[in-house]
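J.: Whenever a hint applies, use it, and build me the whole structure from the sequences.
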Amino acid sequence: MDKTEEDIVNKRLTEATLRRQEDILTRLLEATEAERERKQDKERESNTARETPREMPPALEEYIRKRQAELDLYKTVAPELKPFYQNLVEEYFRSISFQ
Numbered sequence: 559m560d561k562t563e564e565d566i567v568n569k570r571l572t573e574a575t576l577r578r579q580e581d582i583l584t585r586l587l588e589a590t591e592a593e594r595e596r597k598q599d600k601e602r603e604s605n606t607a608r609e610t611p612r613e614m615p616p617a618l619e620e621y622i623r624k625r626q627a628e629l630d631l632y633k634t635v636a637p638e639l640k641p642f643y644q645n646l647v648e649e650y651f652r653s654i655s656f657q
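Residue numbering for the sequence shown follows my numbering, starting at 559 and increasing by one per position.
Hints may contain errors.
With beta-carbon atoms standing in for the labels, derived distance ranges [stated by the list, open to error]:
(1) Ala-589 / Val-567: 15 to 25 Å
(2) Glu-609 / Asp-560: 52 to 62 Å
(3) Glu-609 / Glu-638: 45 to 55 Å
(4) Leu-646 / Glu-609: 52 to 62 Å
(5) Ile-566 / Thr-606: 21 to 31 Å
(6) Glu-649 / Arg-596: 56 to 66 Å
(7) Pro-616 / Glu-593: 21 to 31 Å
(8) Arg-570 / Arg-596: 52 to 62 Å
(9) Ala-607 / Pro-641: 23 to 33 Å
(10) Pro-641 / Leu-618: 56 to 66 Å
(11) Thr-610 / Ile-654: 20 to 30 Å
(12) Ala-592 / Tyr-621: 36 to 46 Å
(13) Ile-622 / Gln-644: 19 to 29 Å
What the hints contain is simulated information worked out from the structure, not anything from laboratory work. Treat the numbers as computed from the prediction; the structure is a model and nothing was measured. Every residue gets a Cβ at the ideal spot worked out from N, C-alpha and C, and that includes glycine.
T.: Take a look at the structure:
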């Protein structure tokens, strides 16, 4: 670039000077295009979605409350079971409690 600048200032326009000038112009255009693409990439960055809390429908709340009352009733009035079955029942209650 310095050589091209020196040739232009000294008014020595040769074929090599013009070729170097075209190369400089090409590189400047490529740099401009690359900068534009980087800017566009920044604009297109995605953001993760935010979780919005949803309200539970009243009918579902009522169902869950009744279901929990039934489970509590089963737990308080435990039938006489053999230990193996008692463990299975307790495991079942634990698994549905986490849902």
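J.: Could you run down the list of hints and mark each one as holding or not?
T.: Going down the list of hints, with the structure as the test:
Distance hint check for Ala-589 and Val-567: the Cβ-Cβ separation is about 24 Å, which falls inside the suggested range of 15 to 25 Å. One distance hint, 52 to 62 Å for the beta-carbon pair Glu-609 and Asp-560, holds here, with the actual separation near 58 Å. For the hinted restraint 45 to 55 Å between Glu-609 and Glu-638, the CB-CB distance of approximately 46 Å keeps it satisfied. As the Cβ distance of Leu-646 to Glu-609 is approximately 36 Å, the hint placing it in 52 to 62 Å is violated.
Range check, Ile-566 to Thr-606: Cβ separation about 53 Å, and the 21 to 31 Å hint is violated. For Glu-649 and Arg-596, the Cβ-Cβ distance of about 57 Å falls inside the hinted range of 56 to 66 Å, so the restraint holds. Take Pro-616 and Glu-593: their Cβ atoms lie about 56 Å apart, and the range 21 to 31 Å is violated. At roughly 37 Å, the beta carbons of Arg-570 and Arg-596 sit outside the given window of 52 to 62 Å.
Between Ala-607 and Pro-641 the C-beta distance comes to about 48 Å, which lies outside the given range of 23 to 33 Å. Separation of Pro-641 from Leu-618 is about 36 Å and departs from the stated range, judged on CB atoms against 56 to 66 Å. For Thr-610 paired with Ile-654, a C-beta distance near 27 Å keeps the hint of 20 to 30 Å intact. Between Ala-592 and Tyr-621, the C-beta spacing of about 59 Å breaks the proposed range 36 to 46 Å.
In this structure, Ile-622 and Gln-644 meet the distance hint of 19 to 29 Å, their C-beta atoms being roughly 26 Å apart.
Going through the hint list in order, the structure does not satisfy hints 4, 5, 7, 8, 9, 10 and 12.
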